[in-house]
Amino acid sequence: VDNQLALELSLPGSDSRFGLNIIARPSPNIIKEIQFIQNCFQQVEPDQYYYPLQDLHLTVLEICFGRSQQEANNIASSVKPLLPEILRGLPTPRLDSPMLVFDTQALALCFLQTDETLQTVRAMVRERLLASGITMDSRYNPRSAHVTIMRYVMNLKSPIGRWIETLLDTPVQQCLKWSIDGLLLTWGANWYGMR
Numbered sequence: 001v002d003n004q005l006a007l008e009l010s011l012p013g014s015d016s017r018f019g020l021n022i023i024a025r026p027s028p029n030i031i032k033e034i035q036f037i038q039n040c041f042q043q044v045e046p047d048q049y050y051y052p053l054q055d056l057h058l059t060v061l062e063i064c065f066g067r068s069q070q071e072a073n074n075i076a077s078s079v080k081p082l083l084p085e086i087l088r089g090l091p092t093p094r095l096d097s098p099m100l101v102f103d104t105q106a107l108a109l110c111f112l113q114t115d116e117t118l119q120t121v122r123a124m125v126r127e128r129l130l131a132s133g134i135t136m137d138s139r140y141n142p143r144s145a146h147v148t149i150m151r152y153v154m155n156l157k158s159p160i161g162r163w164i165e166t167l168l169d170t171p172v173q174q175c176l177k178w179s180i181d182g183l184l185l186t187w188g189a190n191w192y193g194m195r
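Going by this note's numbering, the residue at position 74 of the sequence shown is 74; the numbering climbs one at a time, nothing skipped.
No false leads were mixed into what you were given.
Pair by pair, the computed Cβ-Cβ distance ranges are:
id	residue 1	residue 2	range
1	G182	F36	18 to 28 Å
2	S138	V172	24 to 34 Å
3	S158	R88	41 to 51 Å
4	P171	P28	13 to 23 Å
5	S158	T114	29 to 39 Å
6	C40	G66	28 to 38 Å
7	P52	L82	26 to 36 Å
8	S158	L83	37 to 47 Å
9	D47	R139	24 to 34 Å
10	P28	F65	26 to 36 Å
These aren't lab readings, by the way, just hints derived from the structure by calculation.
For glycine and all other residues, C-beta sits at the position ideal for the given N, C-alpha and C.
Based on the sequences and whatever the hints tell you, model everything.
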């Protein structure tokens, strides 16, 4: 159970940790697939946290996390005018063969990377931010290409066997492809800031 998220959902605005991220939004066909998957899960576990469709994203790079609101706003003000140059001429990552992955905290739709382009983009954006004088303070260096679609905020209502069966049996269209052709800067509270 994600206690910080559960608290934020019960007391909106309680999350005082702020951060900045460079993200990609899923294409409409990916969003449609995620909506189908979420609907399958909601029939079994309706009280978990299902990401609103407008919040779905792939994190390309975390710039910072756990900052005060003022710090995050100041960093965002520094990064925003640099974005056109930082994002200029980046190659287009291509993802395919989505599969459902899960652990004890969340469910995600994870894509295969057809080559190293996504990692190249991550490295280029990081290098350009650093060269522009932006300090990186990320928790981890992302390697996967996933979109989180649900987080556990309550204990399971269904028997664990039925839940695992649902996770394993939910169909995913593995023929889907995603070309990431646009990146965005987001900042705000960790759960869940999307300015």
